[in-house]
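Peer 1: If you want the building blocks of each chain, they are given just below.
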Amino acid sequence: MASSHGTPPVFNNKVIAWIDHRLPIFSYLEKEYHTFPTPRNFNYFWNFGAIATVMLVLMIATGVVLATNYQPNVLMAFDSVERIDRDVPQGWLIRDLHMNGASFFFIAVYIHIFRGMYYGSYKAPRELLWILGVVIFLLLMATAFMGYVLPWGQMSFWGATVITNLFSAIPVVGQSVVDWLWGGFAVENPTLNRFFAFHYLLPFIIVAVVALHVVALHVHGSNNPLGIDPKGPQDTVPFHPYYTMKDGFGVMIFLIIYAGFVFFAPDYLGHPDNYIPANPLVTPDHIVPEWYFLPFYAILRAIPDKLGGVLAMFGAIGVLFVLPWLDTSRVRSCTFRPIYKWFMYLLVIDVVILGICGANPPEGWYVPLAQLATLYYFFHFLILLPILGKIERPLPLPPSIADAVLKQKAG
Amino acid sequence: MRKSMKRLLVSGALALASLSAGAAAIAAGGEIKLPSKQWHFQGPFGTYDRSAAQRGYQVYQEVCAACHSMSLMYYRNLMALGLTEGQVKSLIKDIQVPDLNDDGQPIERPAKLSDRFKSPFPNALAAAAANNGKAPPDLSVIAKARAGGPDYLYGLLIGYVPYDKLTPQQIKEFDVSKDDNFNKYFPGHKIGMAPPLADDKVTYADGTKATLDQEASDVTQFLAWAAEPHMEARKRTGVRVILFLLALAGLMYAVKRSVWADKH
Chain A
1 MASSHGTPPV FNNKVIAWID HRLPIFSYLE KEYHTFPTPR NFNYFWNFGA IATVMLVLMI
61 ATGVVLATNY QPNVLMAFDS VERIDRDVPQ GWLIRDLHMN GASFFFIAVY IHIFRGMYYG
121 SYKAPRELLW ILGVVIFLLL MATAFMGYVL PWGQMSFWGA TVITNLFSAI PVVGQSVVDW
181 LWGGFAVENP TLNRFFAFHY LLPFIIVAVV ALHVVALHVH GSNNPLGIDP KGPQDTVPFH
241 PYYTMKDGFG VMIFLIIYAG FVFFAPDYLG HPDNYIPANP LVTPDHIVPE WYFLPFYAIL
301 RAIPDKLGGV LAMFGAIGVL FVLPWLDTSR VRSCTFRPIY KWFMYLLVID VVILGICGAN
361 PPEGWYVPLA QLATLYYFFH FLILLPILGK IERPLPLPPS IADAVLKQKA G
Chain Y
1 MRKSMKRLLV SGALALASLS AGAAAIAAGG EIKLPSKQWH FQGPFGTYDR SAAQRGYQVY
61 QEVCAACHSM SLMYYRNLMA LGLTEGQVKS LIKDIQVPDL NDDGQPIERP AKLSDRFKSP
121 FPNALAAAAA NNGKAPPDLS VIAKARAGGP DYLYGLLIGY VPYDKLTPQQ IKEFDVSKDD
181 NFNKYFPGHK IGMAPPLADD KVTYADGTKA TLDQEASDVT QFLAWAAEPH MEARKRTGVR
241 VILFLLALAG LMYAVKRSVW ADKH
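Note that the protein sequences, when read in sequence, are chains A and Y.
Under this note's numbering, the first residue of the first sequence carries the number 1, and numbering increases by one thereafter.
Under this note's numbering, the first residue of the second sequence carries the number 1, and numbering increases by one thereafter.
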């Protein structure tokens with residue numbers, strides 16, 4: 001498909017033609033973002049790649065501005081964030097955008113991941129595309145975690161303490177790794193300094209991996225809700241203007257919801273304890289991470305053994321790397337997988353249950369519930385997926401995308 | 001199929017929203033039901049009641065400031081409550097703040113607009129030493145730093161129950177002695193702070209009757225303002241931003257429809 005993008009474009013503008021002859025950025029844009037043949041049957045789930053990209057740019061832009069006013073020092077960090085909020089002109093706006101932007105970045109990414117799973121976008125020949133996506137997800141989690149430490153509130157400090165301490169579960173070298181992460185013998189000023197440095201660095205690495213993600217995407221093109229490959233021009237439309245405009249609309253709707261939180265409930269997704277300056281001598285009643293980590297936090301605590309919990313938590317993301325090989329079904333889209341479709345919904349419910357368990361103290365019936373949900377999570381990936389692909393009888397696939405689209409229009 | 005996808009998308013978004021709502025509600029640990037008061041600053045168009053916040057400053061200055069610092073606040077900030085420069089200067093004319101003179105010797109001088117609110121104690125150790133080992137919390141962002149926010153602060157201030165009004169069961173369950181302060185809304189109920197407010201604890205300059213309820217409500221509104229002085233600008237900007245985005249979304253939808261018109 002990469003070769004079928006059509007003839008090289010001719011530029012009438014002399015300056016553009018001159019540049020393009022030497023550095024073909026305009027040809028590239030023309031080929032990859034204008035004429036790029038894209039399946040004509042995307043639904044609105046396919047907006048979330050563009051939405052996540054918008055959030056990434058927005059986070060970097062607001063983050064750079066915040067960094068010009070932030071002090072990565074334990075004595076000043078909390079007050080410097082408050083100073084941004086109170087005294088820097090429009091500082092409150094930039095901070096609220098960044099603080100809520102993290103949550104909305106995760107919302108976009110989680111929906112994007114769900115879409116990839118539901119429609120089998122990870123299957124051949126898009127395995128590396130998927131794996132790069134999981135790498136982005138991991139980098140995003142690391143960036144978000146370190147970013148949450150920077151305001152140096154109680155949850156910042158204790159979250160950092162709990163999460164960095166996890167590495168002490170590694171046999172033999174564990175404590176050395178933790179000391180190395182801390183830059184000392186406790187979460188202290190060196191920890192804050194390095195977290196700030198990495199919080200600033202990682203987004204640019206994310207940009208690089210996103211670029212690879214897009215390169216991999218443009219080799220075989222996007223998957224689509226039917227999960228069948230386009231067979232010719234009647235199955236595709238040029239990316240521009242068809243999907244630039246559709247993405248544009250989707251981005252606007254997403255931004256409206258985002259703006260609702262930024263301007264009318266900026267602290268709703270945060271935790272009140274993070275407005276208490278960090279105090280190593282006072283532990284909060286319940287240490288909880290940001291909402292987007294709660295399912296993984298629940299998995300961590302579901303295992304009664306520290307090393308086991310850490311392995312399960314990382315394993316929960318680790319299974320995503322091998323998802324393309326765990327799924328044995330040859331059919332991509334859940335639209336044609338009558339049984340698996342329901343297990344996909346069940347997985348979403350399972351993750352929501354894990355999230356609720358993660359938000360609550362590990363007491364009473366939350367403990368067995370979290371354990372059951374953790375068990376189901378791994379059951380889904382490690383046992384159900386390989387077996388179901390073999391025994392499930394998929395529905396007949398339509399002959400082509402155009403055929404399905406036209407039939408739907410007629411009916 | 002398109003319809004069902006849309007429905008799926010919407011229900012997915014709702015599920016996410018309700019998950020986070022549930023998580024937030026649970027994280028807030030709401031076993032104790034807080035009094036819910038209709039605040040002037042609530043809602044998407046709510047603003048601060050300037051006169052209430054001004055009275056609240058008086059309550060803070062005359063009562064709370066004896067123990068609680070507000071180290072993120074500057075006296076100049078008070079002008080945002082509708083006071084003129086002259087009025088703020090006269091409000092703070094009797095406040096003496098520590099400084100160094102040109103010889104580097106510690107002195108006290110009258111507070112200026114550019115000074116931070118004077119802290120009652122020279123440092124955290126002194127604050128703790130004077131208060132049974134635990135420093136009273138700084139009140140600058142207290143309205144954001146407690147689950148329940150203003151409702152909690154207001155509840156705490158009116159929620160004291162004298163020892164002789166407690167039921168034997170409460171005394172037993174929370175292990176209350178005669179010297180303890182029992183508060184309905186404080187987690188664990190036993191609170192170090194003695195009841196700070198009472199009827200006529202202050203004499204309001206504007207003639208408002210200083211009942212306990214009035215004082216608690218006023219100082220809560222002052223603290224809510226202090227925690228987020230830019231709230232009104234935030235909401236104003238938000239209305240404009242959302243209207244703009246709605247218009248742009250409508251435009252984008254129209255463009256998208258016309259672009260796709262020949263495809264389905």
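Keep in mind that the hints were calculated from the coordinates and are not lab data.
One thing to keep in mind: the hints can contain errors.
Rough simulated footprint, nothing fancy, chain Y against chain A, three-plus residues with beta-carbon under 8 Å [as the list claims (entries may be wrong)]:
hint : stretch
1    : 160 to 172
2    : 200 to 213
Some, not all, of what chain A presents toward chain Y, calculated at C-beta under 7 Å [what the hints assert, rightly or not]:
hint : residue
3    : E82
4    : V88
5    : W92
6    : Y275
7    : V319
8    : L323
9    : A410
Every residue gets a Cβ at the ideal spot worked out from N, C-alpha and C, and that includes glycine.
Peer 1: Next, verify each hint and record whether it holds.
Peer 2: A quick look at each hint next to the structure:
no. : hint       : verdict
1   : 160 to 172 : violated (count 0)
2   : 200 to 213 : violated (count 0)
3   : E82        : holds (5 Å)
4   : V88        : violated (10 Å)
5   : W92        : holds (5 Å)
6   : Y275       : holds (4 Å)
7   : V319       : violated (22 Å)
8   : L323       : violated (20 Å)
9   : A410       : violated (11 Å)
Checked against the numbered hints above, the structure breaks hints 1, 2, 4, 7, 8 and 9 and satisfies the rest.
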